[in-house]
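> Going by the working numbering, the sequence shown opens with residue 1, and the numbers climb by one from there.
Be aware that one or more of the hints could be misleading.
[To be verified] Mimicking BS3-like on lysine-lysine, the simulated pairs with C-alpha atoms at most 25 Å apart in a straight line are:
id	residue 1	residue 2
1	LYS185	LYS160
2	LYS144	LYS160
3	LYS123	LYS144
4	LYS203	LYS160
5	LYS93	LYS144
6	LYS123	LYS93
7	LYS123	LYS160
8	LYS60	LYS93
9	LYS60	LYS123
10	LYS60	LYS104
11	LYS144	LYS60
12	LYS93	LYS160
13	LYS185	LYS196
14	LYS185	LYS123
15	LYS104	LYS123
[Unchecked claim] Simulated restraints, written as ranges between beta carbons of each label pair:
id	residue 1	residue 2	range
16	GLU201	HIS141	21 to 27 Å
17	GLY124	GLU179	24 to 30 Å
18	ALA149	ALA171	20 to 26 Å
19	LYS123	GLY150	19 to 25 Å
20	ALA149	GLU178	27 to 33 Å
21	ILE145	GLU201	19 to 25 Å
22	LEU209	PHE50	48 to 54 Å
23	GLU61	SER126	33 to 39 Å
24	LEU52	HIS141	34 to 40 Å
25	ASP100	ASN197	26 to 32 Å
26	GLU107	GLU201	52 to 58 Å
Just so you know, these hints were derived from the structure itself, not from any lab.
Note that CB positions come from ideal geometry on N, CA and C, so glycine has one too.
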Amino acid sequence: MCHCLFKACGEAKLEDSVAILKSYLAEQQLSVDKCAAVVVLLEAVLSLQFQLNSQYRPTKEELSSMDALVTHGHPGGMLLVSNLLRDGVGVEKNAAASLDWLRKSAELRYVPALHELADLHEKGCSDGATSIEADWGEAVHLYKIAASAGYAASQLNLGKLWLEASQEAAANHLCSTEEVEDMMKSARQWLSEAAKNGSSEAKSLRERL
Numbered sequence: 001m002c003h004c005l006f007k008a009c010g011e012a013k014l015e016d017s018v019a020i021l022k023s024y025l026a027e028q029q030l031s032v033d034k035c036a037a038v039v040v041l042l043e044a045v046l047s048l049q050f051q052l053n054s055q056y057r058p059t060k061e062e063l064s065s066m067d068a069l070v071t072h073g074h075p076g077g078m079l080l081v082s083n084l085l086r087d088g089v090g091v092e093k094n095a096a097a098s099l100d101w102l103r104k105s106a107e108l109r110y111v112p113a114l115h116e117l118a119d120l121h122e123k124g125c126s127d128g129a130t131s132i133e134a135d136w137g138e139a140v141h142l143y144k145i146a147a148s149a150g151y152a153a154s155q156l157n158l159g160k161l162w163l164e165a166s167q168e169a170a171a172n173h174l175c176s177t178e179e180v181e182d183m184m185k186s187a188r189q190w191l192s193e194a195a196k197n198g199s200s201e202a203k204s205l206r207e208r209l
């Protein structure tokens, strides 16, 4: 698969990159040991297709591959299905079903799903029949699992949450000086980790602390 990805990245035109990836994907006989590779390929194909055409709809073959991934119990496939249902891409938009698949993926400790679910809990969301109330504690819990696995986006968000909490606590005298410093320590820790993993925003924030 690495050879296929390198070849696709080397193409000057996105259309040619997509053709290479789709050709390789079509050759794959899905099995448990190939699920992760197929997820990467599908994500790459769909991402490029959406860059070429924001109205792109997945083909029957691509949707079939996602069904097969879910059948094999792969959390990456569940997250792909969740995203399609959330955005109504190739299928009818269904926020409740999207959230169900996101939670199933997160329950299997799939890091990108943990991050997305944490983001929902941090901000809260309401979309028709489904809603999630903002829950800072749950957001921190989920971000920390993903951050501990080395996921830079979660490390950044976790650092920002601790920074915001420390500033609010200090400004409103909500807790002791020692507790505020503990929050700042956590903020510095996670922002440093995110900066090490390439986050320019984390690096900028860390330099100010």
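> Can you give the numbers of the hints that this structure goes against, from lowest to highest?
5, 9, 11, 12, 18, 22 and 26
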